[in-house]
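J.: Sequence:
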Amino acid sequence: MTLVEIIARLITADGRATHQLPRGLWLVYYPPAGDDDPHRLIAGRYLTVPSAIELRIVRDALLDAHPSRVPADIATEWDEVTNNDWNGRALTWYMLPTTDALSGDPDRARRVRLALDEHQQRELQRQRRQNQRRRPAANPGPKPLL
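Numbering-wise (the UniProt record's numbering), the sequence shown opens with residue 1 and increments by one.
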């Protein structure tokens, strides 16, 4: 199961959801309490703070986690969350349906279109990286006679 699939499962769960990743990193998702409240995802572990690379990977996976909704207004900084010997970082965001790209509210439509464009750019970048890693076959086969 990929990180995008794990976060998608957390986001679609009813209520609070948790998942432990390798190396002791926990993801804890809190749905919004009200209509105007943001979603929260906390990445943390016991005794040590998650690294900046781990937090970036989690944030990038969050951007592509939901097929019919796009995250908007994602906080640029992770907020510190501690509880005794548990250290974590919290990220907040709002989810907007992709159908709002055609809504009458121009500001909301622009935000959704921008998020969809960024999603498409990330997909193209991933494909380019995968194509760069490919090598030609070790045995290309016989050459044509003509």
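It is worth saying that the hints were derived from the structure and are not from the lab. Incorrect hints may appear among the rest.
Claimed, not checked - Derived DEER-like restraints, expressed as beta-carbon distance ranges:
1) Glu-77 / Arg-16: 32 to 40 Å
2) Pro-97 / Ser-51: 32 to 40 Å
3) Pro-32 / His-119: 19 to 27 Å
4) Arg-16 / Gly-141: 52 to 60 Å
5) Pro-142 / Tyr-94: 55 to 63 Å
6) Glu-118 / Leu-47: 31 to 39 Å
7) Glu-77 / Arg-126: 21 to 29 Å
8) Ile-57 / Arg-108: 27 to 35 Å
Cβ coordinates follow ideal geometry from the N, Cα and C atoms, glycine included.
J.: Take the hints in turn and mark each one as holding or not.
T.: Structure-based check of each hint:
Range check, Glu-77 to Arg-16: Cβ separation about 23 Å, and the 32 to 40 Å hint is violated. In this structure the hint that Pro-97 and Ser-51 lie 32 to 40 Å apart at CB holds, the actual value being about 33 Å. As the Cβ distance of Pro-32 to His-119 is approximately 21 Å, the hint placing it in 19 to 27 Å holds. Evaluation of the 52 to 60 Å hint for Arg-16 and Gly-141 yields a pass: the beta carbon distance comes to about 56 Å.
Our hint of 55 to 63 Å for Pro-142 and Tyr-94 holds, since their Cβ atoms are close to 58 Å apart. At about 35 Å, the CB distance of Glu-118 to Leu-47 agrees with the hint of 31 to 39 Å. In this structure, Glu-77 and Arg-126 meet the distance hint of 21 to 29 Å, their C-beta atoms being roughly 25 Å apart. Between Ile-57 and Arg-108, the C-beta spacing of about 29 Å keeps the proposed range 27 to 35 Å intact.
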